[in-house]
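Asks: Sequence:
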Amino acid sequence: MNKPLRRIALFCGLLVLTLLLRDNWLQYVRADSLKDDPQNRRVTIARYATPRGDIIVDGSPITGSSGGAKTGLNDLKYKRTYKNGAMWAPVTGYASQAFGATQLESIEDGILTGDDDRLFFRKTLDMVTGKEQQGGNVVTTLNAAAQKAAFDGLRRQGGKGAVVALEPSTGKILALASYPSYDPSSFAGNTNDDAAAWKKLQKKYNPADPMLNRALRETYPPGSTFKVVTAAAALENGKYTSADQKTESPLPWIMPGTTTQLKNEGSIPCENATMRVALQYSCNTVFGKIGADLGNEKMLAEAKKFGFDSQQYTPVRSSASVFSDDMNASQTALSSIGQYNTATTPLQMAMVASAVANDGKLMKPYMVDSLQSPNLDPVAKTQPEELSRPLSPGNAQILQSMMETVVDKGTGTRAKIDGVIVGGKTGTAQHGVENSENPYAWFISYAKLSDHSSPVAVAVVIEDESANRDDISGGGLAAPIARNVMKAVIDSKK
1 MNKPLRRIAL
11 FCGLLVLTLL
21 LRDNWLQYVR
31 ADSLKDDPQN
41 RRVTIARYAT
51 PRGDIIVDGS
61 PITGSSGGAK
71 TGLNDLKYKR
81 TYKNGAMWAP
91 VTGYASQAFG
101 ATQLESIEDG
111 ILTGDDDRLF
121 FRKTLDMVTG
131 KEQQGGNVVT
141 TLNAAAQKAA
151 FDGLRRQGGK
161 GAVVALEPST
171 GKILALASYP
181 SYDPSSFAGN
191 TNDDAAAWKK
201 LQKKYNPADP
211 MLNRALRETY
221 PPGSTFKVVT
231 AAAALENGKY
241 TSADQKTESP
251 LPWIMPGTTT
261 QLKNEGSIPC
271 ENATMRVALQ
281 YSCNTVFGKI
291 GADLGNEKML
301 AEAKKFGFDS
311 QQYTPVRSSA
321 SVFSDDMNAS
331 QTALSSIGQY
341 NTATTPLQMA
351 MVASAVANDG
361 KLMKPYMVDS
371 LQSPNLDPVA
381 KTQPEELSRP
391 LSPGNAQILQ
401 SMMETVVDKG
411 TGTRAKIDGV
421 IVGGKTGTAQ
431 HGVENSENPY
441 AWFISYAKLS
451 DHSSPVAVAV
461 VIEDESANRD
471 DISGGGLAAP
481 IARNVMKAVI
491 DSKK
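Take the sequence shown: its position 343, counted from the start at 1, is 343 in this note's numbering, and no numbers get skipped.
Calculated from the structure, these hints are not laboratory results. Cβ atoms here follow ideal geometry from the backbone N, Cα and C, with glycine treated the same way. Any given hint could turn out to be false.
Derived SDA-like pairs (lysine to any residue); straight-line CA-CA distance at most 20 Å [what the hints assert, rightly or not]:
1. Lys77 to Asn24
2. Lys494 to Gly394
3. Lys148 to Lys487
4. Lys199 to Lys364
5. Lys364 to Ser169
6. Lys364 to Gln311
7. Lys305 to Gly394
8. Lys239 to Met255
9. Lys304 to Ala329
10. Lys305 to Tyr281
Simulated restraints on C-beta separations [said to hold, decoys possible]:
11. Ala301 to Ser242: 35 to 41 Å
12. Ser60 to Arg155: 31 to 37 Å
13. Ser492 to Glu248: 21 to 27 Å
14. Lys83 to Lys304: 54 to 60 Å
15. Asp209 to Ile254: 17 to 23 Å
16. Leu449 to Asn341: 35 to 41 Å
17. Gly158 to Pro393: 40 to 46 Å
18. Thr241 to Leu449: 51 to 57 Å
19. Lys494 to Glu265: 37 to 43 Å
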């Protein structure tokens, strides 16, 4: 071969090698990034070419898929649908052709689309048989009756708020409601109507912020419901050893390092009151002084045992509740009655009630019971997991007796259920600069049956800017909702 031909052959060989290298680079090295590139329309088309699997509550789907005809842009076949979408949105999140996915729809997307590696053999079989790829199911721990009671209660109230119900013995989430809410079906496609619906839901255009999951992501001052944690700290640190031991609680009580009295609401019997009486009447002086006497370090340690200062994953992430460190004695006193910097999610306060009801054992909250393949074979199963022991069994039972007094003859009587033992604590948390805005109404509670088992613990918070300020109280606004949720759980088990 002469020299010019050798050069041409060498050049052609280099071109072929370059093409091979480029091809391997694209197919193997950059495959994942190209697959996930938002500009890769084929991935989007494939994603919506088949129906999604379902999210299941009490054995029935609360989601679906509409398709067969094109939806929105002409190359996307199926879009997500929801049953009672607004009620279930804090659980499901949304799956939208235009706006992506959140919460369970996002976290369990691989199962729901059928792309999860755990479905490999099923996908392979479908390829061999020529069957369309199918998504698996997400089976939740939710109780439909409890969720309806929670959502209906919030809707009747008409303001903003949230409800969380847990099964104390396992940590299963039985209800997770937030109000106001939204219907994820309204923007599941990618038409102009979907875009308009999405825009109307954004906080910029809707100050009520219906897409905020208040049960998991919003933190509020817990007010007097936090006194349950303070009582637990007093018992666990040996400051008081029984519910009926008189406390060292003078009236008036001046907060340490200040000239400011910590005041109680009205004329209530708080001077040297027992912890039972102090919780029954919600005495600020008693629990504020307990917090100051124990000090920031011990109060913080007890709050952390209940889950404060830690994010929870249900698997949807919950914001961390806050009990500050490095506080002086008077700041610790205010924090110990649920004010100052103390802030908590409704999930966190449901965890507090749950731990007390479960004889001091706090279980990790979760809302996904299991994952299923398209043919309903089990893929994964959640096992209950202990998080901590905020209370010894003996101290938990002391605190139960105190909370039961609150409902029997204290501020929480509207949570009573015939034939059921109910323990609870009300809270009316200050809101705004110098308490200038309407307070938040709280109620935390649990129910116990005749066999001493506790099927449910609940936390309810209500924000109502339109209500008469004097009418706002945890016992008046929140307790009836908690009662209905607990009753729904109990009735569903009969």
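Asks: Between the beta carbons of glycine 158 and proline 393, is the distance compatible with 40 to 46 Å?
Replies: 41 Å, holds
Asks: Using the beta carbons of threonine 241 and leucine 449, state whether their distance is inside 51 to 57 Å or not.
Replies: 28 Å, violated
Asks: Given the proposed pairing of lysine 77 with asparagine 24, does the C-alpha separation stay at or below 20 Å?
Replies: 32 Å, violated
Asks: Take the C-alpha atoms of lysine 364 and glutamine 311, compute the straight-line distance between them, and say whether it is at most 20 Å.
Replies: OK: lysine 364 and glutamine 311 at ~11 Å, within 20 Å.
Asks: Would the hint linking lysine 305 and glycine 394 be met if the CA-CA limit is 20 Å?
Replies: 17 Å, holds
Asks: Given the hint that lysine 494 pairs with glycine 394, test it: the Cα-Cα distance must not exceed 20 Å.
Replies: Between lysine 494 and glycine 394 the Cα gap is close to 30 Å, so the pair fails against 20 Å, i.e. violated.
Asks: State, for the Cβ atoms of lysine 83 and lysine 304, whether the hinted interval 54 to 60 Å holds or is violated.
Replies: 39 Å Cβ-Cβ, so the 54 to 60 Å window is violated.
Asks: Taken at face value, is the distance from the CA of methionine 255 to the CA of lysine 239 at most 20 Å?
Replies: 19 Å, holds
Asks: Quick one: are serine 492 and glutamate 248 within 21 to 27 Å, going by C-beta?
Replies: 46 Å, violated
Asks: Check the following: the C-beta atoms of serine 60 and arginine 155 are separated by a distance inside 31 to 37 Å.
Replies: Once the Cβ atoms are compared, 22 Å apart, the range 31 to 37 Å for arginine 155 and serine 60 is violated.
Asks: Do leucine 449 and asparagine 341 keep their Cβ atoms within the hinted range of 35 to 41 Å?
Replies: 38 Å, holds
Asks: Check the following: the C-beta atoms of alanine 301 and serine 242 are separated by a distance inside 35 to 41 Å.
Replies: 22 Å, violated
Hint compliance for this structure: hints 1, 2, 4, 10, 11, 12, 13, 14, 15, 18 are broken, all remaining hints hold.
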